[in-house]
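Construct the complete structure from the given sequences, taking the supplied hints into account.
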Amino acid sequence: MDEGDVPQDGIPTYGGRRKLFYAVDKDGAYVAVRSSGWEAEAIATGSALDAIEGLRKDAWRRAREGTTSPLEYYMRCRRMDLALLSQTTGLSRWRIRRHFRPEVFARLSERLLSRYGEALGIDVATLRVLVERP
Amino acid sequence: MSEAAPFRHRQSAHCESGVMSALATHTGLPMSEPMAFGVAAALAFALIPFVKLSGLPLIAYRMPPGAIIRGVRKRLGIGMRRLTFGDPQRGMEALDRALDEGRVVGLQSSVFWLPYFPEDMRFHFNAHNLIVYGREGNDYLVSDPVFEEAVRCDRASLMKARFAKGALAARGRMYYVERLSEDVDVRRAIPAAVRSNYRMMTQAPVPFVGLRGMRRLGRTIIALSRDPRRCDDYLPRFLGHVVRMQEEIGTGGAGFRFMYGAFLRESAALLGEPALADAAAAMTEAGDTWRLFALRASKMCKRREPLDAPALSAIVTECADREAAAWELSRRAVRHR
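If you read the protein sequences in the order shown, they are chains X and G.
Take 384 as the starting number for the first sequence in our numbering and just add one per residue.
Take -9 as the starting number for the second sequence in our numbering and just add one per residue.
Do not rely on the hints blindly, as some may be mistaken.
Said to hold, decoys possible - Heads up, incomplete: computed chain X residues facing chain G, CB under 7 Å, no partners named: (1) 398; (2) 401; (3) 403; (4) 407; (5) 423; (6) 424; (7) 471; (8) 492.
Keep in mind the hints are simulated off the structure, nothing from the lab.
Yeah, the Cβ is synthetic: ideal placement off N, Cα and C, and Gly gets one too.
Listed below in structure tokens is the structure:
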């Protein structure tokens, strides 16, 4: 890649920051050049983010309908899945899946709620109720 | 150790090579990032079909996390202290003690819990590396190699990032240089590192690693396009995944080729071996071909151009051919050293 070909597409996923790339100058020597991002990377990151966003909105919709608990929604807000939440809390998957049932979640002890709160970095009061908008 | 010298932040292309070159440089062994990467023989390729990340095969363009730190340490005989912790509080106290002793400390951490990362870059990736070089009140002074400037991180967030659970969990891993060996000579380490990397890429004992792995990727793309159950939905996701791992995680497949090229070029000057500069140019061409693949494949995933599996497969095969040429040149250049 020539120095002048280092992409400067200003992609949104960089959040205004620049990354460093190595490129070749006109004498064939390597130089470090800052890049504001490349379209190809933006597409790849974008589709990964879209997938995460889809899961989050879907969880919100189901929580709204009352077929899952706010816990699943907040798990998705933290870009986690069941496996990671299980590892982070130390609770088994089937137990967490049970806590996705709204009626079970509603009766959850303060201790369990704070364990989830700790894992997700959310305070217990927020965790109890679903936000108005996804 | 050169005590009082203040730590200077330097942006790098990749976190682990950046941290290692910065730690070595700070403790009196000046080293560029590409040199750290090359001496560790860290260039690789692997497409492992039976290890899945959310349903997609593991694909890597460099050696696994930890290999650069280990490689530089071993090949240059750097004495390092490396610690992990069961208890987060103890892990933070150990960090504070090391900082109080005036040390510059490398940490492994999750990307997700680091507040200075932009929202769109925050994924649950646990093998990010960064440097802490001081503390002011509740804030740690952080040199994160992939950022332009030094940043700060509050104590609670840093603790969460160091002790995040999941795949590749860091368990609070911290490391720092204790001593440099007396007669360290980078020039002696280079030929051995190149040879070792050559062997890994060309003579791997398993078919999904190195150049054979690349050619296998080419065949996989064709096979998926002929599979009526997987050509419409899975193949675009698979291609998106290949590109994402190539361009985003770390510095990307092409980026690592350019970094290795920079290493070969620097080595050519250090050893007075012009043949290594030719190898560098060949490696750059391989990187350019990987970039072409990323561009075409990402457009096809987005359906901005029709999905042309044979064309993509041909580009991957060309990547393998070009890398084969670059490795042959590299090996010959260090043959008698």
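Indices of hints not satisfied (ascending): 8
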